[in-house]
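A.B. asks: As you go down the protein sequences, you meet chains A, B and C in turn.
All residue numbers for the first sequence refer to the numbering used here, where the first residue is 20 and numbers rise by one.
All residue numbers for the second sequence refer to the numbering used here, where the first residue is 394 and numbers rise by one.
All residue numbers for the third sequence refer to the numbering used here, where the first residue is 12 and numbers rise by one.
Mixed in with the good hints, there may be bad ones.
The calculated lysine-lysine pairs, modelled on PhoX-like cross-linking and capped at a C-alpha distance of 20 Å, are [as the list claims (entries may be wrong)]:
1) C:Lys32 x A:Lys53
2) B:Lys478 x B:Lys621
3) C:Lys75 x A:Lys53
4) C:Lys75 x C:Lys32
Here are some chain A residues pointing at chain C (derived, C-beta under 8 Å) [claimed, not checked]:
5) Phe28
6) Leu56
7) Thr312
For the record, the hints were derived by calculation from the structure and aren't laboratory data.
Keep in mind it's a predicted model, so treat the numbers as computed, not measured.
No residue lacks a Cβ here, since even glycine has one placed at the ideal position from N, Cα and C.
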Amino acid sequence: MDWLRWIIFVVIILAFALSFVMAFILLERRIVGKFQLRPGPNRVGPMGMLQPVADAVKILLKEDITPAKGDRWVHRLAPIVAFAPALLVFAVVPFQGKGPGLGFSLDQPAALADLNVGVLYIVAVSSISVIGMIMAGWASNNKYSLLGAMRAIAQMVSYEVPLVLSIVGIVIASGSLSLNSIVEAQSIPFILLQPLGFLIYFLGATAEINRAPFDLLEAESEIVASYHTEYSGMRFAMFFLGEYAYALGVSAIVSVLFLGGYKFPFGLLPQSFIWFLAKIFLVFFLMLWVRSTLPRVRIDQMMAFAWKFLLPLSLVNLLLVAAEGVSTIGFGWAAVGINVILAIAFVVIWANRFYRVKGVTVG
Amino acid sequence: MALRTEPIVVNMGPQHPATHGVFRMRVTLDGEVITDLEPVMGYLHRGVEKLAEARTYTQFIPLTDRMDYLSSMSNNLAYVLAVEKLAGVEAPPRAQYLRVIMAEMMRISNHLMAVGTFLDDMGAFHTPLLYMFREREKLLDLFEMVCGQRLTYNYMRIGGLSHDIPPEFLPALKKFVRDMPGFVDEYDQLIRENEIVLARTRGVGVLPRALAINASASGPVLRGSGVKWDLRKTDPYLVYDKLEFDVPTGAVGDIYDRYRVRIEEMRQSVRILEQAIERLPPGEVRSDVPHLVHPPRGEVYGHIEAPKGELGFYLVSDTGIAPYRCHIRPPSLINLTALRDMVLGMKIADAIITLGSIDIVLGEVDR
Amino acid sequence: MADAKKPLGQGILKGLALTLKHFLARPIITVQYPEQTLVHSRRLRGCDLVWDPERCTACCTCAKSCPQGNIRIETRLRPDNTREAVVFEIDHGRTMFCGLCVESCPFDAIHMGKASERATYSRESLVLPKEKLTISPERQPSGYFRPQFEAELPPQTLLVYGGRASEGPAAPAAPAGPPAPAGATPPAAGAPKEKVGVK
């Protein structure tokens with residue numbers, strides 16, 4: 020029966036990922052439009068719902084161009100390498116847990132594979148896409164692409180560190196690497212228990228998937244379209260879908276790790292995948308809100324932010340969580356109070372310190 | 394030991410999204426750091442100065458619209474003031490006040506665009522730009538009401554204006570003037586203290602005071618460097634000497650100062666508009682000037698404080714119906730020449746926003 | 012200029028609050044063009060020039076005042092010793108609609124048109140001979156430099172008043188739909204779904 024289950028889940032995940040990616044593309048444009056006092060795309064279909072379809076049809080009809088002096092095979096392979104890991108992430112994401120839920124109950128967690136090293140798997144898989152970006156940047160034989168790829172390496176490598184360290188805090192608190200167990204462990208959502216960790220993870224993940232204000236990779240006003248400057252048609256679409264698939268992936272991971280996944284907050288209502296999807300949209304909305312407000316940071320400021328701000332804070336967070344774990348405080352409501360206060364204090368203190376370190380006078 | 398790397402030369406433009414038109418920057422990069430920058434201009438050269446010699450004085454007015462197309466009214470004004478100086482005519486008082494109103498509306502509109510696109514260059518994803526367009530559209534509506542078009546106004550005439558304002562213009566402008574300070578506050582709330590904006594713009598693209606003067610910069614670029622130089626005060630034209638306003642200046646001459654100067658100038662323009670509306674006299678808007686002007690032999694340099702800086706027209710007359718020679722001093726071209734000094738040693742992202750903070754329009758740079 | 016003592020992050024939070032405020036209030040400021048349109052200025056210099064053959068004396072002042080030399084006129088002497096224009100041709104692809112011809116016409120025979128939707132598929136079709144330039148129900152003059160037409164035209168809608176013509180309750184509400192261009196979907200009956208509300 021395992022085979023049947025896997026096939027079903029593969030189909031579900033593909034359908035889920037692709038339909039949500041389409042929805043995200045539309046939602047992003049609609050929501051950002053609302054932030055900017057305009058309706059957003061509303062011409063194709065009711066409320067513009069068919070806009071992604073129209074875009075997809077348009078883009079698939081375009082010519083697939085390979086630069087004459089580019090590296091042909093690497094150029095062709097790059098979008099696939101960049102896109103595939105985005106889908107792989109969903110293999111371990113639990114949609115609903117074991118036992119009774121809203122409407123129906125399951126005899127095992129609804130995930131393709133409830134891997135006992137799920138967190139490690141996600142961290143490993145999501146780092147692959149940077150190789151695709153570098154391949155694209157190199158093979159395009161274009162200076163903007165190369166600059167973009169250089170930025171990609173710098174950004175991915177630096178933000179991976181605080182990102183993983185903030186996940187370690189989760190692992191300590193839940194005592195497991197399996198995503199399903201992490202969700203089960205969240206009787207109090209980890210966003211309350213580890214607000215600092217959430218902040219670090221969210222900022223780091225925003226940088227990982229190149230969204231504003233860390234969208235230096237595709238800083239269109241600086242380096243045109245960065246590593247996908249020379250891509251068109253289908254292959255451009257893969258990069259484009261890959262970006263949104265990563266946004267979806269990060270939203271899903273944040274809701275699993277910090278927002279309690281498929282559980283309703285504090286167990287007021289039975290568990291269901293509906294809560295999980297709602298949380299995904301919530302996280303995505305947060306990203307859009309940030310995107311439509313903030314300008315982009317500069318490359319050196321972004322690196323400084325990773326190494327001088329996020330990394331020390333993530334170590335502090337780790338220390339804090341570990342200390343609570345071994346002490347009598349534990350991970351109850353007492354820890355929530357302590358952590359929220361300490362998180363605010365650390366962020367404010369370190370932010371001021373961080374600014375002074377860089378020698379930038381504000382005001 | 395520092396690792397020696399090979400510098401790469403990047404041609405930014407002429408079709409680059411952040412160059413605000415067809416302008417090319419030949420940038421030599423060491424990694425992300427700019428080691429050399431060479432501006433290449435002339436992609437939009439249309440020979441406007443030469444065209445002036447083949448047009449009558451009046452016929453050239455519509456062409457001035459097309460130089461700095463974001464502040465056409467100011468171009469009109471600078472040109473007709475120069476011709477009036479040459480021909481020795483003066484506009485009636487109502488026209489003078491209306492010209493001030495138009496010029497200040499234009500200044501607000503231009504600065505909205507300048508700040509908006511500059512923040513766009515910084516990657517603020519159009520939100521500030523669209524908030525600013527909201528007000529710019531209102532101004533364009535008013536311009537359309539007066540002269541029938543939204544961008545190329547062709548409103549000033551030698552010796553006045555082409556026609557009077559319609560009766561519904563002033564109430565609408567008053568409403569705008571009442572609302573505008575609130576909107577400027579809104580921009581401030583969005584941008585002014587934003588830490589990312591501060592980190593990106595403070596101490597970046599610095600144009601020192603001495604260099605600004607030596608480079609003959611003008612407008613917000615010069616005032617951002619702390620030089621209190623505004624032709625409306627230093628060489629008053631029209632009725633500016635009767636109106637009360639301040640000249641905002643920056644301290645350091647960095648990008649943030651230029652941005653602040655523009656925002657403050659919008660507030661000052663609103664102040665000027667309030668006073669000008671109040672004092673607007675009745676009467677004619679066009680003095681009796683023949684359609685074909687024959688100015689006496691001679692030469693003249695007329696200049697105004699356009700939104701982007703000092704816009705000057707140098708005209709030589711040989712008593713014909715067309716200028717013998719017309720030379721234009723476009724502010725953005727002169728300001729642009731200081732670009733290289735501002736960005737050397739900076740990151741590539743800084744070069745983009747420095748260019749944005751100069752506020753160039755290529756129609757004017759290349760003419 | 013900014014106060015250095017303010018806690019960091021405050022500026023970003025302020026900005027976030029502002030965008031959220033606009034998101035929640037949703038003051039959509041754009042106009043959904045083919046369905047809704049704003050009324051143009053009475054003095055519109057649209058994409059159109061209108062010629063009145065009955066008033067034209069073929070004096071060619073317009074042609075002389077054109078900065079582009081874009082008006083082509085050939086005249087003929089009538090038996091009663093007046094002139095008429097045999098050819099009166101304006102290339103609408105080249106004109107910049109500066110309005111100097113309208114301004115200079117001593118007999119009010121050429122006007123700016125009030126149409127703004129005059130797209131065609133070829134440059135040749137933009138060269139309009141006098142039959143096509145003639146004033147007609149489709150080619151109506153705007154009030155540019157023609158006060159006699161200006162008063163009759165509908166007042167311009169202004170975004171300052173949120174897309175209405177003037178302040179006050181008596182103002183005609185909202186942009187009216189124009190006659191739909193051939194082939195386009197007719198505008199939905201009744202009020203438009205998204206109302207034009209401008210702050």
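A.B. asks: Decide if the proposed pair is consistent with the structure: Lys32 of chain C and Lys53 of chain A, CA atoms, cutoff 20 Å inclusive.
C.D. replies: Judged against 20 Å, a Cα distance of about 11 Å means the pair holds.
A.B. asks: Please verify whether Lys75 of chain C and Lys32 of chain C have alpha carbons no more than 20 Å apart.
C.D. replies: violated (56 Å)
A.B. asks: Need the status of pair Lys75 of chain C, Lys53 of chain A: alpha-carbon distance at most 20 Å?
C.D. replies: Between Lys75 of chain C and Lys53 of chain A the Cα gap is close to 51 Å, so the pair fails against 20 Å, i.e. violated.
A.B. asks: When you check the alpha-carbon spacing of Lys478 of chain B and Lys621 of chain B, does it fall within 20 Å?
C.D. replies: The hint is violated at about 26 Å.
A.B. asks: Does Thr312 of chain A pass the interface hint, meaning its C-beta sits closer than 8 Å to a C-beta of chain C?
C.D. replies: holds (5 Å)
A.B. asks: Would you check whether Phe28 of chain A satisfies its interface hint, that is, whether its CB is within less than 8 Å of any CB in chain C?
C.D. replies: At 36 Å from the nearest chain C Cβ, Phe28 of chain A fails the 8 Å test, so the hint is violated.
A.B. asks: Quick check on Leu56 of chain A please, does its C-beta sit within 8 Å of some C-beta on chain C?
C.D. replies: Holds. Min distance 5 Å.
Hints 2, 3, 4 and 5 from the earlier list are contradicted by this structure; the remaining hints agree with it.
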